[in-house]
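K.L.:
Given chain A's structure and the hints, the job is docking chain B onto it.
Now for the letters of each chain:
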Amino acid sequence: MKNLYQKKIKKRTIILTFFLALWLCVLISRLIQLQVINYPRFRKEVIEQNQNKKIINPKRGTIYDRSGTILAKSLPVQSIFYSPLDDEPMDIQLEKINKLRQILHLSNKHALTIKTRIEKNDHFIWIKRKIDLATAEKVKNLHLNGVQFIEENKRFYPQQKLAAHIIGRVNIDEEGQSGIEYKYNSTLQGEKGQGIVLRDAKRRGYRFQTLKEPQPGMDLVLTIDETIQYIAEEELQKAIHRTKASWGTVVISQPFSGEILAMANYPIFSHDSPRLDRNGAIHHTYAPGSTFKIITASAAIESGRVNFKDQYDCSMGFISIAGQRIRDHKKYETLSFPEVIIHSSNVGTIQVGQQIGEENLYKTITGFGFGQRTGIDLPAEEKGIFRSINDWTKISIASLSIGYEISVTAIQMLQAVNVIANKGVITRPKIVKKILDPSIEAKKSPLQFKRVISEETATRLTSIFREVTKTGTGKEAQVKGYDVAGKTGTAQKFDPSTGHYSSRAHTASFAGFAPAEKPVISMIIVIDDPQGQYYGGQVAAPVFREIAAQVLRYLHIPPQKSLSEHIITAKYWKQDKK
Amino acid sequence: MVRKKFSKAQIILGISCTILLTFFLIFYIWHQAESIRIGYKTRQLEEEILSLKKEIEKLEVKKSSLLSLERVEKIAREELKLTSPEKKQIISDNLDQ
Chain A
1 MKNLYQKKIK
11 KRTIILTFFL
21 ALWLCVLISR
31 LIQLQVINYP
41 RFRKEVIEQN
51 QNKKIINPKR
61 GTIYDRSGTI
71 LAKSLPVQSI
81 FYSPLDDEPM
91 DIQLEKINKL
101 RQILHLSNKH
111 ALTIKTRIEK
121 NDHFIWIKRK
131 IDLATAEKVK
141 NLHLNGVQFI
151 EENKRFYPQQ
161 KLAAHIIGRV
171 NIDEEGQSGI
181 EYKYNSTLQG
191 EKGQGIVLRD
201 AKRRGYRFQT
211 LKEPQPGMDL
221 VLTIDETIQY
231 IAEEELQKAI
241 HRTKASWGTV
251 VISQPFSGEI
261 LAMANYPIFS
271 HDSPRLDRNG
281 AIHHTYAPGS
291 TFKIITASAA
301 IESGRVNFKD
311 QYDCSMGFIS
321 IAGQRIRDHK
331 KYETLSFPEV
341 IIHSSNVGTI
351 QVGQQIGEEN
361 LYKTITGFGF
371 GQRTGIDLPA
381 EEKGIFRSIN
391 DWTKISIASL
401 SIGYEISVTA
411 IQMLQAVNVI
421 ANKGVITRPK
431 IVKKILDPSI
441 EAKKSPLQFK
451 RVISEETATR
461 LTSIFREVTK
471 TGTGKEAQVK
481 GYDVAGKTGT
491 AQKFDPSTGH
501 YSSRAHTASF
511 AGFAPAEKPV
521 ISMIIVIDDP
531 QGQYYGGQVA
541 APVFREIAAQ
551 VLRYLHIPPQ
561 KSLSEHIITA
571 KYWKQDKK
Chain B
1 MVRKKFSKAQ
11 IILGISCTIL
21 LTFFLIFYIW
31 HQAESIRIGY
41 KTRQLEEEIL
51 SLKKEIEKLE
61 VKKSSLLSLE
71 RVEKIAREEL
81 KLTSPEKKQI
91 ISDNLDQ
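Taken in order, these protein sequences are the chains called A and B.
Under the numbering used here, the first residue of the first sequence is numbered 1, with each subsequent residue one higher.
Under the numbering used here, the first residue of the second sequence is numbered 1, with each subsequent residue one higher.
No wet-lab data here; the hints were simulated from the structure.
Fair warning: there could be bad hints in the mix.
Some chain B residues near chain A, calculated using beta-carbon distances under 8 Å [unchecked claim]: (1) S7; (2) E57; (3) K58; (4) S68; (5) L69; (6) E70; (7) K74.
Straight-line distance between alpha carbons at most 25 Å, and here's what the computed SDA-like set of lysine to any residue pairs gives [unchecked claim]: (8) K99/A with K138/A; (9) K58/B with D132/A; (10) K59/A with E60/B; (11) K470/A with D310/A.
Ideal placement from N, C-alpha and C gives every residue a C-beta, glycine not left out.
So here's chain A without its partners, still in its complex pose:
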């Protein structure tokens, strides 16, 4: 009896265990099917059905100046979006929007757009993006169902308008629109991430899940120096106000490396203005006028066609070429070659140009990089206008010798000045010092230099351009205590309505470097359409003096010459520590 009972129990237990095991196997198999085998497909389907995929913008890289000052940085801010609940009546939804409208100061047009999208059953509607924390708190305190917050980044420019033309601007989605922000957009932007808003059965968003983490952008260090940029902008602004000019630009560089220390433009715009997109230093072309005599003089010496002792008759005050009369700004007698450049005689320079010959002049102009982009790392650089030698007319050599029949950008002209400062070697101007990424740092290639003119030619030219600021047209560029080399330029502006150069509108410029022996800075100043005084020596050269004096002091470059006999200077000797 007992055995029979035990057998029965055992049999039942076995059957029960079998079914339990079977049920468990089925359950596990189904779970594996759902969670492992079909997981990617189901996940994809859920995301697609949900229709609430959201791109997560990565944190944009920071832009610093060469000394580590923040020029542009992205900071997290709150954005508000509305995700309607399925069963909620329309009037309640509109009431919510009205409440938000008051706090967020939404325009009628914007509110109407939101209402239309609610009616269309949109599940993701932006209410307002990138709002301040205080406003976000006010909205949170309303506890409105369906009104949700998302963290986004907003671009801040703590130096405000400083270097705004260089840095550029971004749109609401933090995509670069101009300047460095545009040129280095992919580097700064990083990689976008992806997320979804998870919802419950009533389609209430209860969680934001990140599907792909965003990769933050890399930081950039510019060659710009905040202080030098500030000095340049201030002095340029003063000059423009003083001369009532229409616009102006100042570019300062380190001649050896080609690094741009400052690039100022006036008028200046804030970071949200589309007018910021035009950077005069690289986008605006102009006839260089007499500053181009730097190239003519280089070609003269380098070709060996002109001797320092050669004399040129400038007594007529004008020269006739192919029926056109080209004048000097004042009458000279017979001038030697250096004197022609020092006094910026058009008559003398044209004779020099004719002596050089078309081939040599063309070769030198192209060698200095005119007619080509300098390759500066800023977007949409202009290459200017320089015609091929085959298209030259009878007057071309005369015009080109004195800086007409060619249009250049300020950055091209500065690159040419740097050739003289660098003893004949051309360097590519650059504005990004480094990208803060170890892998790119490893690939960094050494600086490559190309010789344009011989060292001897450059040294001889430097001595001429030093005289320009001592006794010639550029006296106003002299900086007390320092030797300055440079060249003034005054060019008549081309008037498209008449098809001729205007005698009323001018472009005044000065290009030079200091100290002349061991140049630390090179600079170009272009002032467009100054009223009243219009010569480069009167309008642009003083700007060079004011900026160079401050910049050399800031860079701790001591004066080479005694400042004044009336000043008693105290000398400090450091004692050696033993």
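P.N.:
Relative to chain A, chain B alone:
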């Protein structure tokens, strides 16, 4: 039905096993609870670090904007009534020579 009688040693062994098992279970639950508690604490601290990092970044931008040269010059000139030095007031000397 006859109930089996356990010996004293068996009972002691049984009770010991139960106590041990209970101890392990309690330890396991405590360990799990503690892990979760530490996890929450870690998460909370991570969030705090993140929020402090964001705060530092905001302060860096604020510092940078407060030290902007335009603002400094404005305060120096308008509030402190400072002026630029005259050219004769600047004496430079090369200390390294």
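K.L.:
Hints the structure violates: just list their numbers, smallest first.
P.N.:
1, 7
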